[in-house]
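S.K.: Below are the chains, spelled out letter by letter.
There are 2 protein chains.
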Amino acid sequence: MDELVRLQSVAASPDGLTATAARLETLLKARGFKTSLMAAQGAPPVVFGSYNSPGAKRTVVFYAHYDGQPVTSEQWNSDPFVPVMRDGAKDVDWKNAKPPFDPEWHFFGRAAADDKNSITAFLAGFDALKAIGHKPSINIKVFWEGEEGRSSPHLAEITRSHKDELCADLWLIGDAPVHQSRAPTLYFGARGNLGLEATVYGLRRALHDGHYGNWVPNPAVMAAELIAQLRDSEGRILIPGFGDDVRPLTAEEKAAIARLPSMENDLRHEFGIGRSEGNEELTASTMRPALNIKGLRSGQVGAEAAGAIPVDAIMAMGFRLVPGQTPQGVRAKVETFLKSKGWTVVTDAPDTAARLVHPRIIRLAWRDAYPALRSDMTSPAARGVIAAANAAAGKPVTILPMMGASVHLYLFDDIMKVPVIGLPISNHDNSQHAANENLRLRNLWDAVEVYAGMMSRLNW
Amino acid sequence: MDELVRLQSVAASPDGLTATAARLETLLKARGFKTSLMAAQGAPPVVFGSYNSPGAKRTVVFYAHYDGQPVTSEQWNSDPFVPVMRDGAKDVDWKNAKPPFDPEWHFFGRAAADDKNSITAFLAGFDALKAIGHKPSINIKVFWEGEEGRSSPHLAEITRSHKDELCADLWLIGDAPVHQSRAPTLYFGARGNLGLEATVYGLRRALHDGHYGNWVPNPAVMAAELIAQLRDSEGRILIPGFGDDVRPLTAEEKAAIARLPSMENDLRHEFGIGRSEGNEELTASTMRPALNIKGLRSGQVGAEAAGAIPVDAIMAMGFRLVPGQTPQGVRAKVETFLKSKGWTVVTDAPDTAARLVHPRIIRLAWRDAYPALRSDMTSPAARGVIAAANAAAGKPVTILPMMGASVHLYLFDDIMKVPVIGLPISNHDNSQHAANENLRLRNLWDAVEVYAGMMSRLNW
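Chains as they are written, first to last, in my numbering: chain A, -12 to 447; chain B, -12 to 447.
Heads up, some of the hints might be wrong.
The list cannot tell twin chains apart, which means a pair is met if one copy fits it or any two copies do.
In silico SDA-like cross-links for lysine to any residue, where the CA-CA straight-line distance does not exceed 25 Å [stated by the list, open to error]:
#1 Lys328 to Ala340
#2 Lys328 to Leu225
#3 Lys328 to Glu221
#4 Lys328 to Ser0
#5 Lys320 to Arg347
#6 Lys150 to Arg(-7)
#7 Lys326 to Gly259
#8 Lys122 to Ala374
#9 Lys326 to Pro337
Quick caveat, the hints were computed from the structure, so don't treat them as lab data.
Since we're looking at a predicted model, the values are computed, not measured.
Given the sequences, and given the hints that come with them, work out the whole structure.
M.R.: Written out as structure tokens, the structure is:
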């Protein structure tokens, strides 16, 4: 893990990505895997490996990604690529410390939690089995990609063009944090994604708000009004019929959510918030589609705020989709709603002629579109995974029918037509995608057990 | 005018302000004025001058300001302090051009329209009277301040401490643009001002919107919802009872507005907008209180937009007040409204303990507070000014009961207890407070006539 973090495998460092892929291939080869690098033009390679276990009837692909998120080094408390172990705020000289280590120590470094921990746990689990002389119960394939942080633009292409080599009975996705209760977790789906940047327009130049402020349209107000029409502060999407296509939860899925421990009071305290949106518990709320406002920009604030009407307002939004919804369908519902409110929808900045004719112009830039997936929790493969995880953990693991965040699960489902199940590792408070990313030691140990359990007990 | 613009009298250039004040004092002395510089700690001096006309029974103070707005030179087409005359987009060598000049030429330079044109017109009007041997009909005082661009923080102090020297029967405020019809204009009031920066809070750190986006409060949404509750996109303020204190327009004021030429279609075309807020004409709309959103900031947009819930949302707002309203009263109405919507109003950033107890916290920073003024349009002084302006212009001038923008008229009314009337000069499209500030030549000539008319015809 220490070694892997030091290899700077981030998009800004192509050499680091190449070096990491080469190192991972070596690590697999040393364990008896047949390996190859699956390439696509302009993409870091996918590290592929396969290991056949004589007598095994099932084959399972273990997915992870070896790239990390970009870093803004000055926001980190230490070099993101020089791992540090900490006990609370205190650094620990763990390489010279005598075991047992404290399971509450945290290991800091870019990609420590997202997602080199999955690769580390896989390798450690494999080695542990070998050390006690256990033979894998399944044939094992690994698929470790290197551009997840860039939304995996070549993932479909690589998967499709290597469909035969990737042939398997199940994909296990080693990514994402476990439930906030910190217990070992399986997830059976993930929400889809749909990004939108919307711009509304006022006058081309900022005008004095005293002379013109009740008469010249104010785009900041138009944006605010629009957001309040799209979504309220309790998390409800207000577009009529927005949820019509949503596939309801099954009885098993509802029961799984009802079984989750209540974390809400703890989380409100941990986060320092006096309320949460809506009146559902956290996981239940993420079973619905969501609209998040990620950013707003209009005019100036602070010392630069002028007595002027802003020229435009930009809204960065993100939809999270659930099964039954498609990006195309959501897009159509949003655009129909905007038109019903008097908006003219465009894709380029309007010229003066267009502004004169259309009183309310909104420019939409859609992006990052992919659907959700919820796998069948009652399939034989699913039952097999749950049983193996429970046995490895020594207790029933936490079952999430779907993760709130978006992962490209649909893609493996769509191309490979086999069950796709998530095997998360990281602590929920891992600061992934931000500075000071970290992995709680106990989470790594739990993961080694779960990975070893999958490799030695899985059978259906 | 050329010389005055070259003296860089902006807040960033204290030497330019000092040099301008000294130069103006010299110009007044040369015309027989008794002069002094009225100082306050930390303020550029007010240039004061007085000229007694034997036999005159009334004394009039002419207000203007010799400082200009700050400049962002790279946004200008030429050096803001090296004046350029232009015929459309074409430069004109006006110093070597033979009269008559084209009245549609524009003179570009910082403070050319705001407000050195008033000083220039005053001096030119005074000289013109002298040239034809006319004696002023009034005793004249000038009061030219140098920190209007910084909201005149020392204006009340200087006015109060020189109350005796400033004693007069009328103040004429030489500032602001004329009506959009470009006709010579008088205004009898100005709206007051009340700035507000409001901040609402989410979580202290940005959280993944996929995992937490239907549950952790989104401050961008809270801000949008609040703005939509405060004001709609037709310019209506929605706070219950907000207009209760508003003093209605008198019959004379209503009649003056009804007489204004309809400019709205021309303006919509000039501005390139397909609609205006509400269904009133422009000037009528500025007789009401206004709430303008000057800026919005939350999270990130564009390439920097992350899949995250923003930590806060900042709203820069500006109220324009009308007579009957006080800044204290408006502030109380806003805070009462916020409390009725469940907000806890604070003045400092909340700590974690406060965030845990109060589900919706809003931090308010109020600033720039002063009331409106509408002078009596039927007072003897007002009738005298209208008559003199009409005679000078050779036709009825445009009468505005109140300007939409805010000027410190209330202060002279409050301290000096005499009528205060506005004598604007600039073209409405002068780009004041922005790059490429300019003065239409015809507006300057009109102003010289009106100033000379005031000095030679005013009597009541």
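S.K.: Next, verify each hint and record whether it holds.
M.R.: Cross-check of the supplied hints:
1. Lys328 to Ala340: Answer is within: at 21 Å inside a copy they meet the 25 Å cutoff, but 41 Å across does not.
2. Lys328 to Leu225: Answer is both: 13 Å inside a copy and 20 Å across each meet the 25 Å cutoff.
3. Lys328 to Glu221: So Lys328 and Glu221 pass the 25 Å test inside a copy (22 Å) and across (14 Å) alike.
4. Lys328 to Ser0: Answer is neither; intra-copy 46 Å and inter-copy 50 Å both fail.
5. Lys320 to Arg347: Intra 18 Å, inter 31 Å, cutoff 25 Å: intra-copy only.
6. Lys150 to Arg(-7): Neither: 32 Å inside a chain and 74 Å across chains, both beyond 25 Å.
7. Lys326 to Gly259: Answer is between; shortest inter-copy Cα gap is 21 Å, intra-copy 39 Å.
8. Lys122 to Ala374: within (18 Å within a copy, 107 Å between copies)
9. Lys326 to Pro337: Intra 16 Å, inter 40 Å, cutoff 25 Å: intra-copy only.
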